[in-house]
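There are 6 protein chains.
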Amino acid sequence: MFILGLDEFLTRALNEDIGTGDITTMCCISPAAVSKGAFKAKEAGIICGMEILKRVFALLDATVCVNPIISDGDYVEMGAVIAEISGKSQSILSGERVALNIIQRLSGIATRTHEAVSQISGTKAVIADTRKTTPGLRVLEKYAVKVGGGSNHRFNLSDGILIKDNHIKAAGGIKNAIEAVRRTAPHTLKIEVETETAEQIEEALEARADIIMLDNMTIAEMAAAVERINGRALVEASGNMGEKNLREVAETGVDIISIGALTHTVKSLDISLKFFE
Amino acid sequence: MFILGLDEFLTRALNEDIGTGDITTMCCISPAAVSKGAFKAKEAGIICGMEILKRVFALLDATVCVNPIISDGDYVEMGAVIAEISGKSQSILSGERVALNIIQRLSGIATRTHEAVSQISGTKAVIADTRKTTPGLRVLEKYAVKVGGGSNHRFNLSDGILIKDNHIKAAGGIKNAIEAVRRTAPHTLKIEVETETAEQIEEALEARADIIMLDNMTIAEMAAAVERINGRALVEASGNMGEKNLREVAETGVDIISIGALTHTVKSLDISLKFFE
Amino acid sequence: MFILGLDEFLTRALNEDIGTGDITTMCCISPAAVSKGAFKAKEAGIICGMEILKRVFALLDATVCVNPIISDGDYVEMGAVIAEISGKSQSILSGERVALNIIQRLSGIATRTHEAVSQISGTKAVIADTRKTTPGLRVLEKYAVKVGGGSNHRFNLSDGILIKDNHIKAAGGIKNAIEAVRRTAPHTLKIEVETETAEQIEEALEARADIIMLDNMTIAEMAAAVERINGRALVEASGNMGEKNLREVAETGVDIISIGALTHTVKSLDISLKFFE
Amino acid sequence: MFILGLDEFLTRALNEDIGTGDITTMCCISPAAVSKGAFKAKEAGIICGMEILKRVFALLDATVCVNPIISDGDYVEMGAVIAEISGKSQSILSGERVALNIIQRLSGIATRTHEAVSQISGTKAVIADTRKTTPGLRVLEKYAVKVGGGSNHRFNLSDGILIKDNHIKAAGGIKNAIEAVRRTAPHTLKIEVETETAEQIEEALEARADIIMLDNMTIAEMAAAVERINGRALVEASGNMGEKNLREVAETGVDIISIGALTHTVKSLDISLKFFE
Amino acid sequence: MFILGLDEFLTRALNEDIGTGDITTMCCISPAAVSKGAFKAKEAGIICGMEILKRVFALLDATVCVNPIISDGDYVEMGAVIAEISGKSQSILSGERVALNIIQRLSGIATRTHEAVSQISGTKAVIADTRKTTPGLRVLEKYAVKVGGGSNHRFNLSDGILIKDNHIKAAGGIKNAIEAVRRTAPHTLKIEVETETAEQIEEALEARADIIMLDNMTIAEMAAAVERINGRALVEASGNMGEKNLREVAETGVDIISIGALTHTVKSLDISLKFFE
Amino acid sequence: MFILGLDEFLTRALNEDIGTGDITTMCCISPAAVSKGAFKAKEAGIICGMEILKRVFALLDATVCVNPIISDGDYVEMGAVIAEISGKSQSILSGERVALNIIQRLSGIATRTHEAVSQISGTKAVIADTRKTTPGLRVLEKYAVKVGGGSNHRFNLSDGILIKDNHIKAAGGIKNAIEAVRRTAPHTLKIEVETETAEQIEEALEARADIIMLDNMTIAEMAAAVERINGRALVEASGNMGEKNLREVAETGVDIISIGALTHTVKSLDISLKFFE
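Chains as they are written, first to last, in numbering that gives the first Met the number 0: chain A, 0 to 276; chain B, 0 to 276; chain C, 0 to 276; chain D, 0 to 276; chain E, 0 to 276; chain F, 0 to 276.
Calculated from the structure, these hints are not laboratory results. You may find that some hints are simply not true.
[Claimed, not checked] Subject to a maximum C-alpha distance of 20 Å in a straight line, what follows is the list of computed DMTMM-like cross-link-like pairs (lysine to aspartate or glutamate):
#  : chain 1 : residue 1 : chain 2 : residue 2
1  : C       : K35       : D       : D164
2  : F       : K168      : E       : E276
3  : C       : K266      : D       : E114
4  : C       : K39       : D       : E114
5  : B       : K87       : A       : D269
6  : F       : K35       : E       : D164
7  : E       : K163      : F       : D269
8  : A       : K41       : B       : E198
9  : E       : K39       : E       : E83
10 : D       : K123      : F       : E178
11 : C       : K273      : D       : D214
12 : F       : K189      : F       : E220
13 : B       : K163      : B       : E198
14 : C       : K174      : C       : D164
15 : D       : K189      : F       : E178
16 : E       : K168      : F       : D214
17 : E       : K35       : F       : D164
18 : F       : K41       : E       : D214
19 : A       : K168      : B       : E276
20 : A       : K39       : A       : D269
21 : F       : K273      : E       : E195
22 : D       : K189      : D       : E220
23 : F       : K243      : E       : D214
24 : A       : K39       : B       : E250
25 : F       : K273      : E       : D214
26 : A       : K145      : A       : E83
27 : E       : K243      : E       : E220
[Said to hold, decoys possible] If we take Cβ atoms under 7 Å as the criterion, some of the chain F residues that face chain D in the derived model are:
#  : residue
28 : S34
29 : N151
30 : R153
31 : D158
32 : G159
33 : P185
34 : H186
35 : R227
36 : N229
37 : L233
Every residue, glycine too, gets a C-beta built ideally from N, C-alpha and C.
So here's chain A without its partners, still in its complex pose (with noise of 0.2 Å):
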């Protein structure tokens, strides 16, 4: 896993959280110190960010050494180690925090995707994420998701075209912004347009959309517009999804269901480091 703008990332974090210095390590541990411990999952669920683990402590202190004892990915009970450490005990101390701050959130975001995807096995729906991420963790919230086995919607503004409700409005109807943006707009990138109604689902095709949204609709409208659009555009079941039968929603046939609440609505998983005796 290469992520970019990573270091930048944890090195903010580590600012934030020591501040101008970890005063009660410093003062009552000595500098020769070293200890050893295990982060333990202290609930059952997915791993997620064994890489950053390791990270946070090689920019804190290269002299730290954190052994995963898991793999991104992997289903853990609960008491499990996930990870060892051994090192300076300041070290491992002043970095705790934000280790645990990161993974126990990856590590919720992987666990809930997990159950969302468990839901609907079998059909051939997948579960995609959305913007709805915390502002600065996008890239590894999505990494979190398809830890989880989700699928990937798009990562920004620009990498992908979504024409929605106010666009609509503000455009002058689906199809002219669908016509406007196929004009101008990188040809690498598919048409996706945001629904509402069966008379939006019949303009969408029309102006060949390539991905039809289908935004807060109910099973019956969701199982009528996959019959109707009928292979001619991929079909994405939104809204308030995390509060739905997700089965239910994955057995109409639509191949995306694209859930907010995977990254805007977290409980992260309980992790903790405890130093051996």
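Given the structure of chain A, go ahead and fit chains B, C, D, E and F onto it with the hints provided.
Quick look at chains B, C, D, E and F alone, frame taken from chain A:
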């Protein structure tokens, strides 16, 4: 509210979301088009981030006008308009997601904090946050806790002293740790120590800790601890407080209840932007 | 035109050119002196960068007034005044070179693009750029291509999929590569593949590539390829197109002609600033 | 060669080209795959940038091995291998374009400089660059000029004094300008003045300019100027020198010929990377 | 010693001093040349900054070898060698000035602090620094104070509470200010208040300040204050302490003597680098 | 006065001093409160930094109004008001220390420079600074030297050539060094060489150095050197000049006296901010 580093954070967030350009918007909306719209709460809660909402658009396009209808800390019902916006359609559309991602998250934190504070109203305890925040968003998330009626614990490792279990192990006991800190830390900081047993509480009292944290204790243990400490130190209850009956905890007489889940397990408050027809 | 990162780019450029201070100007011109002058095209061409010209001086000294006479995309004759400037002599002199270096380069690119577009007018093909841009200037240089009447290819490796010869070698063939991409890439992106032979074109068609690039083919080969592909994929001609007869290429029926030389081999348009006497 | 700021420049370039991730490569090449390949000159010229080539990949993936075959300043024939590379296929593919974009440009500049230097061999004149460089690349482009056998003029407005036409107008004449500069500028810098007429040359000589620039003069005017100056100042020929007969200019006896076109009108040297089968 | 932000600080310092390149060194020393030399104290004092000395050269050229002879906090006589250095002559010469500028300043601060600490040896008081540090160097300068035997006051406005005269005016009195702070500040911070009169001391005691600063009082006033406070708060003497008889101040019984001059009025310790013949 | 990089420097300084927030001010002063106050010189001296004072508050809160009473370079008596300030109390208090730390230091440098300049008035010599400045503050400190009536030596290693003792050792003598530099350095820079003996002066003259530095010579040696050089090069006296009788040095006839202590041994001028009652 003055927040240092805010502009850099928002600029990074805008860069992250816009990338090399908002293709959809640039291709289907005229640069000359203007729109008006409203930010609406799609569920009830405490709103947080109105200044940030304004700042996002000020950075993107100073001619966009954001008019807040409510103030940070206000409780709103589902459907309430929280701000109006008008200006170039392109600018509003390009900044919408970043603005929403931030205020939804902060409002979610403020709302959850408010619920916790409400549960213990009438007791002397305060609800406090922890360092279990999202990397890069600590100052904002702690601001949301304040807006929700909570209190801030230390912001980082340099503005508060907290001797935790791993410190105690590495330093060779609570007494050693506290004495070392008192000898060398700035005199402006109180000394807090984490305890898990009655014996540790005694040791902390003997070493004259200013604040004693009761980590993962039962209600009965906390009550006994408060009685034993008897005003000689501030008492802070901690450890999965997000899943505890907070009123019971508060009624043991502790001074502070710190809850990591306020910021590590977040449910964004649903807020949307709709253009007027 | 909204360009994220522009201010940082211009600030770096100003720092690079001014260093620790514009000694000549500070030593021989009074801080109180004011001047008026004109930016003139010293050769005919398409002008690009008027907003950037304004922004350079806005960053350096907000009291300098830049008054554009023409708009981006306008063709001007040799000697035409493209903008007037007035304000503190020191500020104008200190910003002159940076401003000229940028608009000369962008105007050079727009002018060359315009020539290419003119050569194929009346055909259905479009002229597109590549990633062979100057490091740090990609968004600006691609903007200049648009201003010159061209079309943008992908901006970077994350907003377009292009399977090239080295990918094909490393992935074990076109079919393998396309199938792997279709399985794991965001569904919002089309899949483009580079081909050098008729066999590779067949393989790409079978694997249902969305776009087929014809790399370094002869006019006859391109014509045969277009006929064979027959609308099942977009067709892009590529490979030293800067030295080809573009009209001949366009008349083979390809959809896109991408030309690296638009940005990798640049002749700046000569523009000067002269103070009025 | 030590270049401050190089890592930041290359990191920005890699971010610019990779964006949120090299989708094609990540999707169709295994992270475990390794490749070997060669960078080849596809036309003859002077190569420049071998250390930078190594640094691009060192920043991206320290395990990639780049083995330069030639050194900066070497002349190579068409088809020559200039470096070999081996390592993870993903890393090589993700860094290829940035590496090529830089060394192609620098080699183009070195090649053109070398041609100019060759034209005046045997005369006492040197070929120098100007500040007409690409924003953000000045140190690199001036390095390429040196590698091509040229000499560097000032790097920015703070490390050289050059009183130009607009300064003269604003300062009220050459004499005023030179005297003001001599009074207040650091004593470590020579004073250069731009002249367009024989009268201005006289004025510059009287004010004891260290260097006199002859701007846009004919061969005859330059020869007369050199004779008149007669060693009392260095003499620099300037003004569209890229289109002049350089040998004629050099034979007038000028000391320096400065050519903006070395850096403002660039033809990249064609270099490619091919994986071995 | 771990210092976050150190690399950025040193990189900025190197950029500031090297600019676009160390012309003298590059022009007159061969890239292949190597040298050995020694850093010598040209006057007696406490040395501070040995890790920073190493880090400057590590950033500039990892092959340069710096071998510290003494440790931070050691007292050295005039003429003592404090470190040896060997490696590429160019790298050593380009980094010399930045390295010296930093360790001379820090050693000057450590030496002056040590003198102040020596003057009060045997009393219970400690010597502390203030926020009157050089912008950008606070963490380093406060480290030097520690190395010299002093104690650190707060590092910034967020890690300590100090209610000063202007706060008191704006808040409407000491009592109001302390109560407001106690209600809303993090519970981890002590409350310090600046007093100028006996009445203010009484008000501070009534409001239960944790630390009382005696600002610009006479020896007699300080003695009376210590007696009156009688252990109910820590007592800090402040106000032009750099010009006071510190032993007299300490013997009044104050706990802390804070001296702005430790960092705002600095005499660099003279240190030089000489190459061996 | 235009200073590139100033905003970044001040922003870093504000971040350094404010940290995560000015707790004292936020907790005890109402956001609505406004104050007026005055910056007063508490000792006599030359004031430097009025524009910077304004800029600090402009960056922090654009509504704060700073009204300078005097100009940079003015001499003020003890007690003089140098600027008035009004606006939000919170903003003034949060920016006070950074503003004072900067203008106190710059005014200290300007004052000391002015004293040195006064000592040699009537001679032809000028007082110059060195590169012994505070890392990160060079441009500001050299500005203060100018404001105090001094002259600037080179700003960094790229805008001046100075061959020092270690260069001479590494290059194999003065002659070798000067010839190498003349061959390869930009023609816009003079060549200065450091000498310690009469023999070295001869060697420098033979090699036609533009400037000869006399390092650590006695008054008699300097007088002899000036006589011997006899106008063939500028003469600069250097080496612990801060402790020398400057008038005696100047009367030897040297052109420049460079004094490291102007910036490496600084006594801040005492300036305070007091709110009006």
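Checked against the structure, which of the hints given earlier come out wrong?
Hints 4, 5, 8, 12, 16, 22, 23, 24, 26, 28, 35, 36 not satisfied by this model.
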